[in-house]
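Asker: Required output: the full structure, derived from the provided sequences and hints.
If you want the building blocks of each chain, they are given just below.
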Amino acid sequence: MTVTPLGIPRRMLEFTLDGEEARVPEGSTILDACRAAGKDVPTLCEGDTLRPKNACRVCVVEVEGARTLVPACSRKAEPGMEVRTDTERARHSRKVVLELLASSVDLSTTPKVAGWLQEYEAKPDRFGPDAARLNEEPKIDNDLYVRDYDKCILCYKCVDACGDQWQNSFAISVAGRGFDARIAVEHDAPLTDSACVYCGNCIEVCPTGALSFKSEFDMRAAGTWDESAQTETTTVCAYCGVGCNLTLHVQDNEIVKVTSPHDNPVTHGNLCIKGRFGYQHVQNRD
Amino acid sequence: MDLHFGDSKPTDEERAAVDGLLGPPESSWEGADRSDADLRWARGGREARDRRDLLLPGLHAINDRIGWISEGALDYLCRRLTVPPAEAYGVATFYAMFSLKPRPATVLHVCTDLACAAAGAPELCAGVEERLGLGSGVSVERSPCLGLCERAPAALAIKAGDPVRTAVSAPATVQDAVLAASSPDSAPEEPPAALAVPQAGQDGLMLLHRVGAVDPSSLDDYRAHGGYTALRRAFELGPAGVIREVTDSGLVGRGGAAFPTGRKWQATASQPDRPHYLVCNADESEPGTFKDRVLMEGDPYALVEAMTIAGYATGAHRGYLYLRGEYPRALRLLEHAVGQARARGLLGDDVLGQGYAFDIEIRRGAGAYICGEETALFNSIEGYRGEPRSKPPFPVEKGLFGKPTVENNVETLVNVLPVLTMGAPAYAKIGTGRSTGPKLFCVSGSVQRPGVYEVPFGATLGDVLTLAGVRDGLRAVLLGGAAGGFVRADELDIPLTFEGTREAGTTLGSGLVMAFDDSVPLPRLLLRIAEFFRDESCGQCVPCRVGTVRQEEALHRIVERTGADAAGDIALLREVGRAMRDASICGLGQTAWNAVESAIDRLGAYE
Numbered sequence: 001m002t003v004t005p006l007g008i009p010r011r012m013l014e015f016t017l018d019g020e021e022a023r024v025p026e027g028s029t030i031l032d033a034c035r036a037a038g039k040d041v042p043t044l045c046e047g048d049t050l051r052p053k054n055a056c057r058v059c060v061v062e063v064e065g066a067r068t069l070v071p072a073c074s075r076k077a078e079p080g081m082e083v084r085t086d087t088e089r090a091r092h093s094r095k096v097v098l099e100l101l102a103s104s105v106d107l108s109t110t111p112k113v114a115g116w117l118q119e120y121e122a123k124p125d126r127f128g129p130d131a132a133r134l135n136e137e138p139k140i141d142n143d144l145y146v147r148d149y150d151k152c153i154l155c156y157k158c159v160d161a162c163g164d165q166w167q168n169s170f171a172i173s174v175a176g177r178g179f180d181a182r183i184a185v186e187h188d189a190p191l192t193d194s195a196c197v198y199c200g201n202c203i204e205v206c207p208t209g210a211l212s213f214k215s216e217f218d219m220r221a222a223g224t225w226d227e228s229a230q231t232e233t234t235t236v237c238a239y240c241g242v243g244c245n246l247t248l249h250v251q252d253n254e255i256v257k258v259t260s261p262h263d264n265p266v267t268h269g270n271l272c273i274k275g276r277f278g279y280q281h282v283q284n285r286d
Numbered sequence: 001m002d003l004h005f006g007d008s009k010p011t012d013e014e015r016a017a018v019d020g021l022l023g024p025p026e027s028s029w030e031g032a033d034r035s036d037a038d039l040r041w042a043r044g045g046r047e048a049r050d051r052r053d054l055l056l057p058g059l060h061a062i063n064d065r066i067g068w069i070s071e072g073a074l075d076y077l078c079r080r081l082t083v084p085p086a087e088a089y090g091v092a093t094f095y096a097m098f099s100l101k102p103r104p105a106t107v108l109h110v111c112t113d114l115a116c117a118a119a120g121a122p123e124l125c126a127g128v129e130e131r132l133g134l135g136s137g138v139s140v141e142r143s144p145c146l147g148l149c150e151r152a153p154a155a156l157a158i159k160a161g162d163p164v165r166t167a168v169s170a171p172a173t174v175q176d177a178v179l180a181a182s183s184p185d186s187a188p189e190e191p192p193a194a195l196a197v198p199q200a201g202q203d204g205l206m207l208l209h210r211v212g213a214v215d216p217s218s219l220d221d222y223r224a225h226g227g228y229t230a231l232r233r234a235f236e237l238g239p240a241g242v243i244r245e246v247t248d249s250g251l252v253g254r255g256g257a258a259f260p261t262g263r264k265w266q267a268t269a270s271q272p273d274r275p276h277y278l279v280c281n282a283d284e285s286e287p288g289t290f291k292d293r294v295l296m297e298g299d300p301y302a303l304v305e306a307m308t309i310a311g312y313a314t315g316a317h318r319g320y321l322y323l324r325g326e327y328p329r330a331l332r333l334l335e336h337a338v339g340q341a342r343a344r345g346l347l348g349d350d351v352l353g354q355g356y357a358f359d360i361e362i363r364r365g366a367g368a369y370i371c372g373e374e375t376a377l378f379n380s381i382e383g384y385r386g387e388p389r390s391k392p393p394f395p396v397e398k399g400l401f402g403k404p405t406v407e408n409n410v411e412t413l414v415n416v417l418p419v420l421t422m423g424a425p426a427y428a429k430i431g432t433g434r435s436t437g438p439k440l441f442c443v444s445g446s447v448q449r450p451g452v453y454e455v456p457f458g459a460t461l462g463d464v465l466t467l468a469g470v471r472d473g474l475r476a477v478l479l480g481g482a483a484g485g486f487v488r489a490d491e492l493d494i495p496l497t498f499e500g501t502r503e504a505g506t507t508l509g510s511g512l513v514m515a516f517d518d519s520v521p522l523p524r525l526l527l528r529i530a531e532f533f534r535d536e537s538c539g540q541c542v543p544c545r546v547g548t549v550r551q552e553e554a555l556h557r558i559v560e561r562t563g564a565d566a567a568g569d570i571a572l573l574r575e576v577g578r579a580m581r582d583a584s585i586c587g588l589g590q591t592a593w594n595a596v597e598s599a600i601d602r603l604g605a606y607e
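Keeping their order, the protein sequence lines are chains A and B. Mapping of the first sequence onto the UniProt record's numbering: residues 1 to 286, in sequence order. Mapping of the second sequence onto the UniProt record's numbering: residues 1 to 607, in sequence order.
Worth flagging that the hints you see were computed from the coordinates, not collected in a lab. Wrong hints could be hidden among the right ones.
Some chain B residues judged to face chain A by a derived CB distance under 7 Å, without partners named [said to hold, decoys possible]: (1) Glu71; (2) Gly90; (3) Cys538; (4) Gly539; (5) Cys541; (6) Val542; (7) Val576.
Distance windows between CB atoms, simulated [said to hold, decoys possible]: (8) Thr562/B - Pro129/A: 19 to 29 Å; (9) Arg502/B - Thr16/A: 23 to 33 Å; (10) Gly353/B - Thr16/A: 54 to 64 Å; (11) Asp164/A - Thr432/B: 48 to 58 Å; (12) Glu499/B - Asp130/A: 54 to 64 Å; (13) Asp130/A - Arg502/B: 31 to 41 Å; (14) Thr562/B - Arg67/A: 31 to 41 Å; (15) Arg274/B - Pro129/A: 52 to 62 Å; (16) Thr229/B - Glu21/A: 56 to 66 Å; (17) Asp164/A - Arg332/B: 47 to 57 Å.
Subject to a maximum C-alpha distance of 30 Å in a straight line, what follows is the list of computed BS3-like cross-link-like pairs (lysine-lysine) [what the hints assert, rightly or not]: (18) Lys9/B - Lys39/A; (19) Lys95/A - Lys391/B; (20) Lys112/A - Lys214/A; (21) Lys139/A - Lys112/A; (22) Lys112/A - Lys398/B; (23) Lys139/A - Lys214/A; (24) Lys398/B - Lys76/A; (25) Lys9/B - Lys139/A; (26) Lys76/A - Lys391/B; (27) Lys403/B - Lys76/A; (28) Lys112/A - Lys76/A; (29) Lys123/A - Lys39/A; (30) Lys95/A - Lys112/A; (31) Lys101/B - Lys9/B; (32) Lys139/A - Lys39/A; (33) Lys139/A - Lys391/B.
Where a beta carbon is used, it is the ideal one built from N, C-alpha and C, also for glycine.
Answerer: Following this line, the structure appears as structure tokens:
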């Protein structure tokens, strides 16, 4: 018999979201409520498998009585709260945050951001041609994945996935301070000298493509990367008995990258090096 | 947690520095040579990891001994504490006083901040750099405010070794600063703290009355001057009684946020979760602020007593005193004071024979303004990067080590002593209705007698400036620090109270009053403030991390421009500033634009 866990029943609480009554289970965030109500609030550092870090501040909303805007991704809904998601004030902050990011970071592979820049009428160019950028070169120090920190918005998701939230390898951390802060292994050494176990769970959560499969990186460089020509097939990893789900991304009959469904109740999108990168034998035709 | 260490080995000296703090390693799991016994057991789990909070003291130990932190030394420290090297690297690179690259054993920090810049810091820097070039054995670093504004310009020399030696040169000449750096031991003794208190010895002082009157290293002298009467009174009242007194006194926090102290104590005391912690925020880093340094150097036992009272009232048995890394003399005096108090039964398992256990641990910051933010300070003590946490939950509920914590500024705590000795009603009569008690102001800049001044709340800006002997040609006054605001020379009737400054559209902040005359070009000053925030942003949230950079760039562009030529960049500054104020995680980003905005709006800086 299959038992579906229902969890502890949660009380519902009521608050006002953009002038309308919202009813959400206790413990929900404002973002949960927005999504349930079909409202689109942009997010970058929020991850469906990670605890909210609320570092990017692109999801800020206005809460009646609060001195500052609040991040929707982490602030829990409270009974009687009055939340507005689309005020001039919230839109202004989102616009400026997008401008600040787009003027300093390469967002060319960040999904959805082009649409948000348009929607919020962001003009990243207005900081002038001399505006400081990250100016990082891609770090290619192993055959499996590439760290292109020119695309890094410092959302901390890779650090959290590598650390105590998932992998417990603690191979990377934020180093330095302020605008000079970067994700790095100790002493900024190559990955091959670090505690990295190449599970690729950091790639899974990276929202900007700063971390990518070497295969994807090379194909993008060669101009052959074409997501529209790719199929995604979810299957079960054959390496061990855990039975993790793999989603194989295939272009021209070649596996080009491997992801894992985030809603899998056992693995939550996490894999090990074998499931993530050990697919070459599948396409060995000799 | 499967830790991975590199091949680098510590030198004998690096090992000795770490072992000096942590004791010798017990097994190869902690970095000792491997013995047969080590093969049959493993050290790990929670117990091995629960000393993470010694990471920052460990980094200090290495940096103090060697002058910088090598790969081998960091690795060894990580083995000893079961900390992942990547995380330790992230922590070490967070602090300005540490270097992960080789550098000379002596570092001379030359303050280039507001008060010092106006007092000739650029010339001092140039002169010192010329004398102490490559091969001199001294690395010259431009530093944010060293908290020596009453003796600007200032320089602090730190010479690594066993023990580490420090020397302060202030007011510094090129000659003095070079001497302090090349032989800290033979540099002239710093003048006593009382010299920073022009009112020293006057009647009626409540917070500063012992500064200059007592020997700061003598517990007997402190007790002869009324010390420890407040603690005895606290034991008579009981914890709830102390909180009632503090609440009735109307005392509010002096660190800048002006939160009612009694309410904070009550909220912490009533938390069922245990243990409770007390944290004293002595990470005084707001440019132009030095009142806490003067209190700690002039009357260190007062802080020890006040912390004991706060701990007693809130049910804490351990207090952490987080002291700014740039305050070596305060550190020396407080370490001595805590040791003396412990030896005499005023700290320890049975304080004053009352059956109450309390002890104080001093933790040293390492050059990060952000660690003065209350939750960033918790992270710093715990051995993580000093990044602010998001609130809620608030510290009274989940603070240090995730436990209910009350955190107070030095001046706030010291105010508790007169509250208890004179009683809440008498204390509440001082000052105005909503700002009660005495207040310390750090007056510096264009005045004849810079220093810390104690006045009852209600005195006007003009009163305070007159006390300090303001010089002719006053152009503007900065209130509250780099996160505060400028006011005009014709606004001297602003009452220096929380409500008075708020009504005037400015802030009291940390109690800073810095006077500027016509000789200082305002745009340069604003650029320095913007540089300060760019350097001190922790980098966690986008509005502050990138916003402070964009603001500095804009202020750089208009440093020589006015009127229509500057209008575009001023509009840009306003837009970025508004988003920083609205969307930053913590007070640093939220207030980083305040002073510049006030200079544009109130002083017409670019007109």
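Asker: Does each hint hold? Answer for all of them.
Answerer: Okay, the hints, checked on the actual structure:
1. Glu71: holds (5 Å)
2. Gly90: For Gly90/B, the interface hint holds, since the closest Cβ of chain A sits about 3 Å away, which is under 7 Å.
3. Cys538: holds (6 Å)
4. Gly539: holds (4 Å)
5. Cys541: Cβ of Cys541/B sits 5 Å from chain A, so the hint holds.
6. Val542: holds (5 Å)
7. Val576: holds (6 Å)
8. Thr562/B - Pro129/A: 19 to 29 Å: holds (23 Å)
9. Arg502/B - Thr16/A: 23 to 33 Å: Holds - the Cβ-Cβ distance for Arg502/B and Thr16/A, about 30 Å, lies within 23 to 33 Å.
10. Gly353/B - Thr16/A: 54 to 64 Å: holds (57 Å)
11. Asp164/A - Thr432/B: 48 to 58 Å: holds (49 Å)
12. Glu499/B - Asp130/A: 54 to 64 Å: About 44 Å separates the Cβ atoms of Glu499/B and Asp130/A, which means 54 to 64 Å is violated.
13. Asp130/A - Arg502/B: 31 to 41 Å: This hint holds: roughly 38 Å between Cβ atoms.
14. Thr562/B - Arg67/A: 31 to 41 Å: Holds, since Thr562/B and Arg67/A (Cβ atoms, about 33 Å apart) stay within the stated range.
15. Arg274/B - Pro129/A: 52 to 62 Å: holds (58 Å)
16. Thr229/B - Glu21/A: 56 to 66 Å: holds (59 Å)
17. Asp164/A - Arg332/B: 47 to 57 Å: The hint (47 to 57 Å, Cβ to Cβ) is violated, given that Asp164/A and Arg332/B are roughly 38 Å apart.
18. Lys9/B - Lys39/A: Violated - the C-alpha atoms of Lys39/A and Lys9/B are around 55 Å apart, more than 30 Å.
19. Lys95/A - Lys391/B: With Cα atoms ~24 Å apart, Lys95/A and Lys391/B stay inside 30 Å; holds.
20. Lys112/A - Lys214/A: holds (23 Å)
21. Lys139/A - Lys112/A: holds (25 Å)
22. Lys112/A - Lys398/B: violated (36 Å)
23. Lys139/A - Lys214/A: Status holds; Cα separation ~11 Å.
24. Lys398/B - Lys76/A: Between Lys398/B and Lys76/A the Cα gap is close to 16 Å, so the pair holds against 30 Å.
25. Lys9/B - Lys139/A: holds (27 Å)
26. Lys76/A - Lys391/B: holds (11 Å)
27. Lys403/B - Lys76/A: holds (20 Å)
28. Lys112/A - Lys76/A: holds (25 Å)
29. Lys123/A - Lys39/A: With Cα atoms ~24 Å apart, Lys123/A and Lys39/A stay inside 30 Å; holds.
30. Lys95/A - Lys112/A: holds (14 Å)
31. Lys101/B - Lys9/B: holds (16 Å)
32. Lys139/A - Lys39/A: violated (38 Å)
33. Lys139/A - Lys391/B: violated (36 Å)
Of the numbered hints stated above, those contradicted by the structure are hints 12, 17, 18, 22, 32, 33, listed in ascending order.
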